[in-house]
Amino acid sequence: MAEPRPVLEMTGIVKEFPGVRALSGVDFRLFPGEIHALMGENGAGKSTLIKVLTGVHTLDGGTITLDGKAVRIGSPLQAQHAGISTVYQEVNLCPNLSVAENIFIGREPTRAGRIQWKQIRKEAAEMVDRLGLDIDVTAPLSSYPLAVQQLVAIVRSVGHGDSDGEGSGTKVLVLDEPTSSLDRDEVLELFRLMRRLRDEGVAILFVSHFLDQIYEICDRMTVLRNGTLVGEHMVADLDQVGLIELMIGKALDQLEELHEHQLRSDVGETLVKAEGLGRTGGIAPFDLEIKKGEVLGLAGLLGSGRTELARLLFGADQPDSGKVTVAGKQVSMSAPNDAIGAGVAFCSENRKTEGLVPDLTVRENIILALQASRGWTRPIPASQRDELVAKYIKALDIRPANPEARVGQLSGGNQQKVLLARWLITQPKLLILDEPTRGIDVGAKAEIQKLVVSLSEDGMSVLYIAAELEEVLRLSHTIGVLRDRKLVAQLTNGPEITTSKILETIASGEHQ
Amino acid sequence: MSATTKTRTAAEGRTASKPAPASAAARLLGDRRLPVLVTAGLFLAMYIGGLSRYQNYGFGEPQVFLNLFIDNSYLLVAAVGATFVIMSGGIDLSVGSLIGFTTMFTAWLVERQGLPLLLVIPLALGVGAFGGFLMGYVIHNFEIQPFIVTLAGLFLFRGLCLVISKESISISDSTVSSMAQTRVSLGLGELSIGAIVALVVLAAAFYILHYTRFGRRVYAIGGNEQSALLMGLPLGGTKIAVYTVSGFCSALAGLLFMLYIQSGDPLHAVGMELDAIAAVVIGGTLLTGGSGYVLGTLFGVLVLGLIKSIIQFEGTLSSWWTKIATGVLLCAFILIQRAMTTRKQT
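Residue numbers (my numbering), protein chains in the order written: chain A, 1 to 512; chain B, 513 to 858.
Some hints here could point you the wrong way.
[To be verified] Computed spacing ranges between beta-carbons, pair by pair:
| id | chain 1 | residue 1 | chain 2 | residue 2 | range |
| --- | --- | --- | --- | --- | --- |
| 1 | A | D129 | B | L786 | 57 to 63 Å |
| 2 | A | S75 | B | L847 | 38 to 44 Å |
| 3 | B | L663 | A | A382 | 20 to 26 Å |
| 4 | A | E387 | B | F667 | 45 to 51 Å |
| 5 | A | E387 | B | T853 | 41 to 47 Å |
| 6 | A | R184 | B | G749 | 38 to 44 Å |
| 7 | A | R184 | B | A557 | 47 to 53 Å |
[Claimed, not checked] Short derived list, chain B residues pointing at chain A, Cβ under 8 Å:
| id | residue |
| --- | --- |
| 8 | R725 |
| 9 | L745 |
| 10 | Q824 |
Since the hints were derived computationally from the structure, they do not count as laboratory data.
No experiment lies behind these values; they were computed from the predicted model shown.
Cβ coordinates follow ideal geometry from the N, Cα and C atoms, glycine included.
Could you put together the complete structure from these sequences and hints?
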């Protein structure tokens with residue numbers, strides 16, 4: 001690629017939050033017609049850099065130059081008018097409106113103040129068509145799965161500024177972890193759209209925790225660590241190992257160690273036993289045994305019933321049939337309280353909406369479950385509490401290591417660790433982890449996986465759900481395979497079990 | 513090119529990632545228009561029930577139907593204002609007080625100060641809109657719950673009524689009484705000026721909500737406020753405007769109420785905000801915002817009005833049965849809403 005002038009240059013960007021210097025003098029540039037990955041561990045400053053660029057945060061120092069002109073971006077609206085559009089991890093559209101309206105809202109064509117609905121539907125259909133998507137633009141957005149909603153969000157952002165005369169067309173498209181909740185086909189669809197936009201000359205900034213995806217789609221990458229710039233590389237010039245070393249700032253021993261970890265072969269007696277447990281519309285009745293100290297991994301596609309199975313075991317949904325015994329005693333599992341009482345802990349996949357209280361401090365969040373299990377009339381003594389919290393902050397390496405920090409301000413990986421700490425502190429017998437590594441970086445991922453291994457060695461049983469098969473394979477003694485809301489097979493992990501074997505089982509739906 | 517890159521048809525896309533709504537019943541339950549249809553159906557059923565029961569007492573007269581509009585004109589206007597607020601995800605508790613205040617304010621200006629009605633009307637509307645604007649301003653700029661701010665408005669306007677006068681002021685102004693008595697013939701029956709104003713307000717609200725940018729922003733903010741902000745929609749302006757509209761509608765409802773009852777009284781329309789909210793909810797608008805139709809609000813008001821008429825025709829029932837029936841309906845409709853929203857989440 002000939003080196004043209006960058007469409008976007010950010011120089012010496014500084015951003016400070018109370019007590020934290022999130023970005024110190026970061027340079028970043030983006031060329032037209034390229035897909036550029038922004039890499040770094042959680043807390044490295046990726047999100048902050050993006051938020052500065054898109055006007056969510058105001059910058060404390062440095063300059064932003066767009067098309068050779070210095071710009072000040074004070075709000076998301078100004079960013080859009082300048083030609084910088086963003087699609088966030090969570091789809092930021094209005095599910096109650098139609099697809100066409102979501103694409104156009106805020107810049108609807110009007111005549112004498114009257115919205116021209118026909119024109120909107122026609123143009124929206126054309127835009128969707130031009131980008132090679134097949135979506136009925138008159139249907140409400142909520143009738144489509146998340147993946148399609150994400151594509152609609154992209155259509156909206158790239159269409160912005162084309163028709164209203166106020167903007168100048170999208171020059172920069174920022175995609176902040178768009179793939180974290182998509183399955184493989186959906187990701188391919190997204191990539192097709194990204195390539196098409198790139199070929200039209202749009203500069204795309206792409207953030208993803210999936211390294212394979214970065215290597216599949218990106219041309220160039222910028223690596224951040226601890227709020228500083230580590231370097232800018234062409235993707236072709238840097239292999240994955242080199243990239244990870246740049247991101248975490250040390251060699252890969254930590255990860256290798258895990259790869260070579262031998263699974264403990266001796267697991268104890270049966271801890272949790274489910275017989276004929278099922279729920280209509282959730283998951284077909286299944287039998288499952290989890291032994292003491294065993295890691296049971298669940299593999300299956302998104303929506304195959306992994307989470308539903310876990311929720312039944314935790315009493316978050318009521319089963320229609322079957323029974324659960326924990327350590328030989330039958331438990332009613334009609335509410336999470338029963339499960340907690342029986343020593344089951346559940347880390348949900350939606351840590352933001354179903355787990356953490358963002359406005360409370362790290363300490364308060366960690367202590368929540370333990371306090372609940374003691375009852376509110378018996379507060380934990382302050383000294384014991386502070387000691388426990390300090391111990392887990394240290395053990396899990398939660399950053400910043402400040403028990404008074406508000407959880408909402410922590411990065412995704414650290415939030416996940418806080419959630420883990422909360423449950424670990426209650427010393428459960430069975431720990432259910434639903435996608436604990438989703439949306440967090442390689443380093444934190446490895447730490448959490450290592451933690452799972454050591455917990456199992458200490459005799460805790462773990463039910464582990466992850467989208468990445470390698471992860472499940474690496475950690476689990478037994479792998480439960482789900483397909484179409486049915487537990488179709490339980491494979492005992494061993495040398496003959498590979499990811500392709502699991503994939504075959506998922507695809508064929510039977511144990512071979 | 514575009515044809516070759518199309519990898520999934522709409523049908524495939526749905527079956528691949530999300531099971532298509534299976535039965536016709538499920539599809540119907542997912543339709544946003546369902547609550548309005550249910551309310552319209554309920555109204556029709558009640559009307560037919562009334563016809564069969566009170567046929568000999570003149571229930572079938574077209575005028576009985578038209579009287580629903582005449583007797584509830586003020587409630588319809590107030591409920592239209594409340595629809596804007598609820599659609600945006602907010603709530604306005606100051607409606608009844610503002611109506612009461614407007615009756616007092618106009619009666620006092622016309623009767624005690626001798627100002628001409630034509631001057632007082634725009635003044636009263638301006639005061640109402642300004643009151644709504646202030647509440648919206650406080651709600652947006654200080655990020656305070658609408659519930660609390662409009663509760664303050666409720667007390668403030670009720671208090672202001674009593675500052676003007678502790679006594680009721682009856683209106684003997686000739687313009688007022690001639691306006692109140694004017695009837696416009698429709699052939700089958702007649703409508704009052706108040707009813708016509710209310711229908712015009714309804715039509716205007718429908719147009720605004722569906723054919724202007726402001727109206728669509730109200731839906732968007734009610735659907736997901738955070739998204740609306742990130743999509744670059746002017747959140748503050750829209751929210752403030754919504755409460756201004758509600759204040760304006762309350763003042764207009766106050767004027768219609770004054771016309772209907774021909775007096776100002778510090779205790780007029782106590783609790784009418786709750787009637788308005790009930791009408792909106794029965795009309796199918798989600799209390800969480802973002803979903804509903806102003807036409808549903810019309811049916812909500814008509815259902816409430818029809819309950820009153822039926823109880824009048826029944827003759828022996830206490831008028832408190834109106835409240836009981838409203839309570840039962842409200843409860844039923846909130847359960848329907850709940851069923852609809854839980855379906856959407858799964």
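Checklist entry - Tell me, which hint numbers fail for this structure? => result Hint check: 1, 3 and 10 fail, others pass.
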